[in-house]
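Protein chains: 2
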Amino acid sequence: MTTDIKQRIEAANLEAVKRMNAGDPVLVDVAPAGQVIPGLEDKMILHSGPPISWERMCGAQRGAMTGIALYEGWAQTPSEAIHLLQSGAITFEPNHAHQTVGPMAGTISATMPVWVVENRAFGNRAFCRQVEGRQQFGDYSDGALNGLRLWRDVWAPALRCVLQQGGELPLKPIIAKALQMGDELHNRCVSASSLFANAMAVRLSQAKIPHDALVGTLQYITNHELVFLGLSMAAGKSIADPARGIEYSTVVTAMARNGTDFGIRVSGLGEEWFTAPSPRVQGLYLPGFKEEDAGFDMGDSAITETVGWGGFVLAGATGILGFVGGTPEQAFAYSKEMRQITTTSSANYRMPVFGFEGSPLGIDVRKVVQTGILPIIDTAMAHKEPGHPIIGAGLVRPPLDCFKKALVRFGEQYA
Amino acid sequence: MTTDIKQRIEAANLEAVKRMNAGDPVLVDVAPAGQVIPGLEDKMILHSGPPISWERMCGAQRGAMTGIALYEGWAQTPSEAIHLLQSGAITFEPNHAHQTVGPMAGTISATMPVWVVENRAFGNRAFCRQVEGRQQFGDYSDGALNGLRLWRDVWAPALRCVLQQGGELPLKPIIAKALQMGDELHNRCVSASSLFANAMAVRLSQAKIPHDALVGTLQYITNHELVFLGLSMAAGKSIADPARGIEYSTVVTAMARNGTDFGIRVSGLGEEWFTAPSPRVQGLYLPGFKEEDAGFDMGDSAITETVGWGGFVLAGATGILGFVGGTPEQAFAYSKEMRQITTTSSANYRMPVFGFEGSPLGIDVRKVVQTGILPIIDTAMAHKEPGHPIIGAGLVRPPLDCFKKALVRFGEQYA
Numbered sequence: 483m484t485t486d487i488k489q490r491i492e493a494a495n496l497e498a499v500k501r502m503n504a505g506d507p508v509l510v511d512v513a514p515a516g517q518v519i520p521g522l523e524d525k526m527i528l529h530s531g532p533p534i535s536w537e538r539m540c541g542a543q544r545g546a547m548t549g550i551a552l553y554e555g556w557a558q559t560p561s562e563a564i565h566l567l568q569s570g571a572i573t574f575e576p577n578h579a580h581q582t583v584g585p586m587a588g589t590i591s592a593t594m595p596v597w598v599v600e601n602r603a604f605g606n607r608a609f610c611r612q613v614e615g616r617q618q619f620g621d622y623s624d625g626a627l628n629g630l631r632l633w634r635d636v637w638a639p640a641l642r643c644v645l646q647q648g649g650e651l652p653l654k655p656i657i658a659k660a661l662q663m664g665d666e667l668h669n670r671c672v673s674a675s676s677l678f679a680n681a682m683a684v685r686l687s688q689a690k691i692p693h694d695a696l697v698g699t700l701q702y703i704t705n706h707e708l709v710f711l712g713l714s715m716a717a718g719k720s721i722a723d724p725a726r727g728i729e730y731s732t733v734v735t736a737m738a739r740n741g742t743d744f745g746i747r748v749s750g751l752g753e754e755w756f757t758a759p760s761p762r763v764q765g766l767y768l769p770g771f772k773e774e775d776a777g778f779d780m781g782d783s784a785i786t787e788t789v790g791w792g793g794f795v796l797a798g799a800t801g802i803l804g805f806v807g808g809t810p811e812q813a814f815a816y817s818k819e820m821r822q823i824t825t826t827s828s829a830n831y832r833m834p835v836f837g838f839e840g841s842p843l844g845i846d847v848r849k850v851v852q853t854g855i856l857p858i859i860d861t862a863m864a865h866k867e868p869g870h871p872i873i874g875a876g877l878v879r880p881p882l883d884c885f886k887k888a889l890v891r892f893g894e895q896y897a
Numbered sequence: 483m484t485t486d487i488k489q490r491i492e493a494a495n496l497e498a499v500k501r502m503n504a505g506d507p508v509l510v511d512v513a514p515a516g517q518v519i520p521g522l523e524d525k526m527i528l529h530s531g532p533p534i535s536w537e538r539m540c541g542a543q544r545g546a547m548t549g550i551a552l553y554e555g556w557a558q559t560p561s562e563a564i565h566l567l568q569s570g571a572i573t574f575e576p577n578h579a580h581q582t583v584g585p586m587a588g589t590i591s592a593t594m595p596v597w598v599v600e601n602r603a604f605g606n607r608a609f610c611r612q613v614e615g616r617q618q619f620g621d622y623s624d625g626a627l628n629g630l631r632l633w634r635d636v637w638a639p640a641l642r643c644v645l646q647q648g649g650e651l652p653l654k655p656i657i658a659k660a661l662q663m664g665d666e667l668h669n670r671c672v673s674a675s676s677l678f679a680n681a682m683a684v685r686l687s688q689a690k691i692p693h694d695a696l697v698g699t700l701q702y703i704t705n706h707e708l709v710f711l712g713l714s715m716a717a718g719k720s721i722a723d724p725a726r727g728i729e730y731s732t733v734v735t736a737m738a739r740n741g742t743d744f745g746i747r748v749s750g751l752g753e754e755w756f757t758a759p760s761p762r763v764q765g766l767y768l769p770g771f772k773e774e775d776a777g778f779d780m781g782d783s784a785i786t787e788t789v790g791w792g793g794f795v796l797a798g799a800t801g802i803l804g805f806v807g808g809t810p811e812q813a814f815a816y817s818k819e820m821r822q823i824t825t826t827s828s829a830n831y832r833m834p835v836f837g838f839e840g841s842p843l844g845i846d847v848r849k850v851v852q853t854g855i856l857p858i859i860d861t862a863m864a865h866k867e868p869g870h871p872i873i874g875a876g877l878v879r880p881p882l883d884c885f886k887k888a889l890v891r892f893g894e895q896y897a
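Protein sequences appear in the order of chains A and L.
Numbers given in my numbering equal positions in the first sequence, counted from 1, plus 482.
Numbers given in my numbering equal positions in the second sequence, counted from 1, plus 482.
Hints may contain errors.
The list treats identical chains as one, so a pair stands whether inside a single copy or across any two.
Restricting the straight-line Cα-Cα distance to at most 35 Å, the calculated cross-link-like pairs of lysine-lysine (DSBU-like) are [to be verified]: (1) K690 - K659; (2) K659 - K818; (3) K488 - K849; (4) K818 - K525; (5) K654 - K849; (6) K690 - K849; (7) K654 - K772; (8) K866 - K525; (9) K886 - K818; (10) K886 - K500; (11) K849 - K866; (12) K849 - K887; (13) K654 - K886; (14) K500 - K866; (15) K772 - K886; (16) K887 - K654.
These are computed hints drawn from the structure, not numbers from a lab.
Computed from a predicted model, the values in this text were never measured in an experiment.
Sequences are here, hints too, so could you generate the full structure?
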């Protein structure tokens with residue numbers, strides 16, 4: 483590579499992280515997806531990761547799709563739902579093609595309320611669905627769908643009222659604070675969820691909503707330790723999107739998996755996905771499950787690592803190790819290692835355990851390929867067959883091939 | 483020392499930490515001190531640390547006493563209050579003589595509502611006053627006293643109703659969880675306070691109390707990052723008290739300072755205080771204040787270190803370093819050092835950053851004197867003159883003389 487191109491890349495990457503550092507995510511609404519997500523139509527289901535057909539979908543992704551068809555009332559039984567989904571009557575599109583992210587299978591349909599986060603620095607919006615532990619993992623039982631219905635009918639409308647009556651909620655202060663309270667904002671959101679619940683509790687108490695909805699929604703948000711994950715994902719997406727499309731930039735703007743393929747997108751390389759087979763997660767299993775049960779890595783939640791949270795700040799969130807496995811020494815090593823493949827340190831999000839150093843920000847495809855160090859990602863595990871809730875959690879690294887393919891394309895485009 | 487005595491000491495110390503480990507603190511009430519604290523009478527003010535006369539009180543302690551005289555309506559002006567306090571008409575007694583602890587000056591009078599914590603394993607109760615940043619530091623201005631009045635008239639009665647209607651609140655789960663969320667439960671209670679507010683928010687929404695009190699109390703508890711300190715102190719006192727009075731035990735059951743004297747009590751040595759001059763705190767000052775302004779170390783809050791929290795778990799609470807000063811490496815070293823002067827590890831309270839090892843529990847006077855390693859205590863700083871709010875925070879070590887004096891008395895009593 484010539485010096486000229488190197489300089490252009492450096493400048494472009496600095497611009498990318500400058501935009502990420504300027505990100506100012508604000509929760510502005512909780513609204514039915516069909517009302518707010520651009521291009522989301524009826525009989526369409528958005529999903530996590532790169533584009534994928536029904537034929538290539540993993541078991542958990544098919545189970546989640548089945549759940550959505552039942553939830554939307556497009557089918558009355560699982561077999562009816564599967565028939566419909568196979569028929570071609572339902573369109574499948576990636577969340578990332580719609581300014582959106584979703585946890586695990588990431589399935590979103592029109593009537594499902596989503597968090598609406600606006601990046602005030604750039605005016606762009608991002609969306610994420612509710613995080614729960616069942617349907618998004620492929621469980622389509624009535625119990626699993628009931629959580630979606632309560633979200634749609636009770637909790638989300640109450641939160642929407644509260645935001646409309648009490649005003650929007652800035653997320654940057656909550657995220658910055660939670661990173662100093664042992665969260666990494668991906669698998670561990672317990673502090674952010676608690677801070678969010680407290681902020682909403684005061685607004686709920688002041689809002690004009692039925693008393694039952696007030697109590698029920700308070701119970702939901704004060705007892706859901708991952709309620710904030712949907713917000714940190716939407717915030718991450720809103721922060722990453724303005725860094726897209728910068729010519730010559732080798733900074734990663736998305737990492738996402740559909741359970742079959744792992745894909746990344748790179749700022750200077752447009753909307754193209756660079757994919758490789760989704761890897762197996764290393765971690766701990768919930769009682770009753772073992773390694774042979776697990777599907778491959780899945781979900782858009784690696785948007786949190788893309789903006790420097792999650793596995794990148796694991797050293798500050800050692801409370802998570804009882805859930806994902808590993809030692810504090812490994813957690814410290816991971817967070818230090820991530821400095822070698824990133825462009826800068828966050829100006830906003832600091833790690834007390836490293837003397838308030840900013841979190842590692844802006845994964846550089848070149849550095850990943852040069853060092854062979856792959857991003858470390860916190861994640862959860864779904865069953866390889868449809869019909870199960872969460873079965874475990876752990877850590878995963880993307881395939882190196884995603885980064886190599888991106889670098890090859892970069893060479894073709896710019897060299 | 484003979485082998486026989488050594489074995490008796492070891493057995494007694496194991497009994498002391500066994501009792502501490504069994505401690506099960508539950509918040510049962512928030513009630514006016516005069517209704518619940520044994521022996522607290524009208525025209526009496528309880529204070530932090532060992533017993534002290536008006537003549538020997540430091541400036542902040544005198545300021546806080548002045549504030550109480552005004553708050554109780556015993557005097558109408560500061561000079562009237564000081565005249566009254568000097569006159570001998572008001573009795574001063576240590577909190578620790580009344581199953582009670584208090585932050586900084588620790589001043590408690592009959593109409594002041596206190597947290598009532600019961601240790602379910604032993605049936606004993608402990609009490610602590612509200613934590614705020616002004617009157618307890620010696621500020622007796624009307625603004626400072628207004629916080630006490632709101633606590634007395636609005637917040638405490640609302641919390642009392644909520645506990646009476648919604649049932650008691652177990653504190654052990656909150657404390658255990660907060661220690662995995664970056665708290666050390668002394669200077670940094672941000673996570674515990676947030677979890678406490680979450681728990682009370684639901685109860686408040688369900689309680690039959692006026693809407694204004696509901697909203698006001700929710701605003702108070704969701705915005706007070708040290709609201710839990712009064713609860714962790716009362717919990718600590720309730721855990722430490724059953725470990726008192728065990729023959730031959732060299733385990734410390736209280737560390738407390740009145741701003742003039744630092745005192746410790748030892749399980750096998752009854753109610754005697756072993757005192758030495760209170761030391762200067764090393765730390766960071768709030769804008770406008772400097773080292774020459776500071777009084778000496780003050781408060782009963784070292785009860786948190788006595789039961790293994792606070793400075794003893796600083797390694798898990800590096801978020802505090804921006805407030806008290808120091809580096810993560812020092813924090814790690816402190817927590818490791820405390821293993822050398824303690825009897826065991828906590829069975830309940832674990833540190834993720836050390837692979838979920840229990841916190842260091844049961845300070846052994848012998849080990850302190852043998853190693854010269856003094857307990858490390860997180861603390862706040864008051865002004866040396868009356869009339870100021872908090873001026874800073876930092877770390878402090880007790881005088882070695884307290885421990886030497888205790889060991890001498892132990893020799894006299896048991897050798």
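Can you tell me if K866 and K525 fall within 35 Å by alpha carbon in one copy, between copies, both or neither? within (25 Å within a copy, 72 Å between copies)
Identical-chain pair category, K887 with K654, by Cα at 35 Å: within (34 Å within a copy, 52 Å between copies)
Pop the pair K886 and K818 into one bin, within, between, both or neither, using alpha-carbon distances up to 35 Å. Answer is within: at 23 Å inside a copy they meet the 35 Å cutoff, but 44 Å across does not.
Checking K886 and K500: alpha-carbon separation at most 35 Å within a copy, between copies, both or neither? within (25 Å within a copy, 58 Å between copies)
I want to check one pair: K849 and K887. Are their C-alpha atoms no more than 35 Å apart within a copy, between two copies, both, or neither? Cα proximity of K849 and K887: one copy only (14 Å, versus 61 Å across).
K488 and K849: within-copy, between-copy, both or neither at 35 Å Cα: This pair counts as within: shortest intra-copy Cα distance 13 Å, inter-copy 61 Å.
Give the relationship of K690 and K849 under a CA distance limit of 35 Å: within one copy only, between copies only, both, or neither. Neither. Shortest intra-copy (53 Å) and inter-copy (60 Å) distances fail the 35 Å Cα cut-off.
Can you give me the call for K818 and K525, within, between, both or neither, at a CA distance of at most 35 Å? So K818 and K525 fail the 35 Å test inside a copy (45 Å) and across (59 Å) alike.
Within, between, both or neither: K654, K772 at alpha-carbon 35 Å: This pair counts as between: shortest inter-copy Cα distance 32 Å, intra-copy 38 Å.
Since the copies are identical, ignore which copy is meant and state whether K500 and K866 lie within 35 Å (CA to CA) inside a copy, between copies, both or neither. For K500 and K866, the Cα distance exceeds 35 Å both inside one copy (40 Å) and across copies (47 Å).
Intra- versus inter-subunit Cα pairing at 35 Å for K654 with K886: Classified as within: same-chain Cα gap 33 Å, cross-chain 51 Å, threshold 35 Å.
Alpha-carbon proximity context of K654 and K849, limit 35 Å: For K654 and K849, the Cα distance is within 35 Å only inside one copy (28 Å; across copies 46 Å).
Figure legend: structure checked against the earlier numbered hints; hints not met, in rising order: 4, 6, 14.
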